[in-house]
Each structure stands twice: as structure tokens, then as C-alpha cells.
Amino acid sequence: MKFQFRERNPLIVGIVGTAAIIAVTLIALNLEAMPFVDRGSGYHAVFTETAGLKRGDPVQVAGVQAGRVSGMRIDGATVVVDFTVDHTIPLGEDTRADIGTATVLGTKLLRVTPSGPGTLRRGATIPLSRTSSPYQLTDALGDLTDTERDIDTGTLADSMNALSATLQHTPDDLRGALDGVTRLSKTVSTRDRSLRELLQHAERATSVLAVRSNQISAMIGDADAVLGQLQQRSAVIDTLFEHVATLADQLTGVVHDNQAQLTPALDQVNSVLSVLQKDKDDIGAAIERLGPYVTELGEAVASGPFFNSYIQNLIPGQIIDPFVQQALHAAGIPGQPR
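Using the working numbering, the letters of the sequence shown correspond one by one to residues -7 to 330.
You may find that some hints are simply not true.
As the list claims (entries may be wrong) - Now the in silico label distances, taken between C-beta atoms and shown as ranges: (1) ILE4 x SER199: 49 to 55 angstroms; (2) SER107 x GLY172: 50 to 56 angstroms; (3) GLU234 x ALA194: 46 to 52 angstroms.
Think of the hints as simulated: they come from the structure by calculation, not from any bench. Positions of the beta carbon are idealized from the N, C-alpha and C atoms, including for glycine.
Can you make the complete structure from the sequences, with help from the hints?
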């Protein structure tokens, strides 16, 4: 019997289709966590504490991510951390494992250092003697805050006062020490609220820094890149300086070896420079005096297709004109003698 798809219950079809889509999406988002996916070789490491390491934190080999922390469990007074490493990375029999800090604000990672001959078999456990955990500043501040919060400063001050009164007949040196302890007790008692506020502010500041971890890490990375560029430029400048120093030494040697030939040549060059300087001064003076002349000439020429000029010490025209006409006539040039 043949069934048509449209003859099926649409509600059931919709539910099955939605469930299938959700299942495919979850599998795609958690593909690395699926048991049938080969994520690399699995190993174990024993630590005295995890120091904030969590499941899913990265595993690095030589600074490169090569796997992830897959789990952890308590084994007596120690903690066993399960992790994976890419099966293409060789690990020696003396391989070490350390819990390191991935960012400046406390994000953790598992750092694996290959060492020793042979190959660390799959599923092997790195013993406590070859592992180490970092110091936790945030945990120490938190413990200090909790401890300080539990201190009864009033009772502490009363105890110090009672001790001081009991031992008031002691020698002067001891009495001075006890007086100092009394003053310290009073100072702690009077500054209790300020100390609590200080620790609370420190705790809030630590929380803010933890939130800004990625931004601060990026800023430090950018600063590191800038410093790298500056170091490269510094190396280039150092190399250039060395080359210039070498060139200066070579030029000094050349001048010293050819001083006898260079001295007359330099004297001649100085003479030529003196002549050129004199000519330069003369040309400058001529240019300076040419300005008024050009101005006057422009005014004379601008009056029309002619210009007026005045020449001194010439014979008047009416006197010399008969002689000019006679000379032209004698030369056969047409003209009217006067």
C-alpha cells in the first residue's frame, strides 16, 4: 500500500521534524564532545590542586593549543585531571604538566611539556612529581578577606588591654613592647571599618578586572606588537649606525692616505669658490640696480608704439641736418637736400 506524505498527521510530522532539527543543531554545536569523534590521545595528570582549572580549558604544547581538559576527579588528597592531546604530537616518557595562567586575570590552561625518550603511552598518568600548580592571588585575597571578617576586633582589643594590665609591673623593656602591642591593638580596633572597606574595594576591583580580562589581554597583546615594531626599528638604526661609523673610518683613512694630493685640490677649490662668491656679489648688485631701470623703461614704452629717450651732448638736429642730406645725396640715396 502506498502512502502519500500529505496523508500523514501534520502535527506528528512537525514534531518529528522540529526534534530532528534540534538534534542536528546540538550535535553540530557539540561535535567535539561526542564520544565517537576522535579528539586525540587521552592522558591523566595528578595535581595537589586545580587552581581554578575547569573542564573545557585549553591544553597547550609549546604555546600552541593541542587539546582540551576533558574532566577531573578527586583521588584522596590529590586531583586527577583528564585531558586530550593531538595524537600527531609526540610526548616523551618524562613529559611534564603544569597549570598555567592564560590571561593576566586568572583564566587557566594546562601546559604540557614533552620530555624524555620513548613515547608516553595513550591513557598514561603523569605523576605528582612532574606536575605543578600556580599561586592564586585572587584566592589568597579572598581568604584574607574571610579571615579578617571573622576577627572580633573588640575582643582582641580587650585581650590586649588585659594582658597589658597584668604585666604592668614587668621590666621597662618588656613594658615598652607591651605598650606598643596595646597601641597596635587600639589602631586595629579604630581602623577596623576602614580595613574592611579597603578589602571590599580590593575584592570589587578584582571582580572588575576579571570581567575585563579579554580587553586587558588584547591591550597587552597590542602593546607587545608595538614593542616588537620598536625593537625592529631599533635594530635597523643600530645597523645603520654601524655602517655609518664604518664609512666614517674608511673616509678618514682615505683622507689621511691622500692628504698630499687633496690639499692643493682643496686650495684650488677654495680659490674657485672665492671667485664664484665675488661674481655672485656682482650679479646681485647688478640685479638690484636693474630694478629701477626696468621700471623707468616700462613707463617709457607703455606710452605707445614708441618711446621717448633723452641722450645728452648731441648736436642739435637743425644744425646737422644739411650735412646729413648732402651725404645721402652724394651716396645716391634719394632725398631732398636742404
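**Request:** Could you say whether the range 49 to 55 angstroms given as a hint is met by the Cβ separation of ILE4 and SER199?
**Result:** holds (50 angstroms)
**Request:** Could you say whether the range 46 to 52 angstroms given as a hint is met by the Cβ separation of GLU234 and ALA194?
**Result:** holds (50 angstroms)
**SER107 versus GLY172 beta-carbon gap, inside 50 to 56 angstroms or not** = Since the Cβ atoms of SER107 and GLY172 sit about 53 angstroms apart, the hinted range of 50 to 56 angstroms holds.
The structure is consistent with each of the numbered hints, conforming to all of them.
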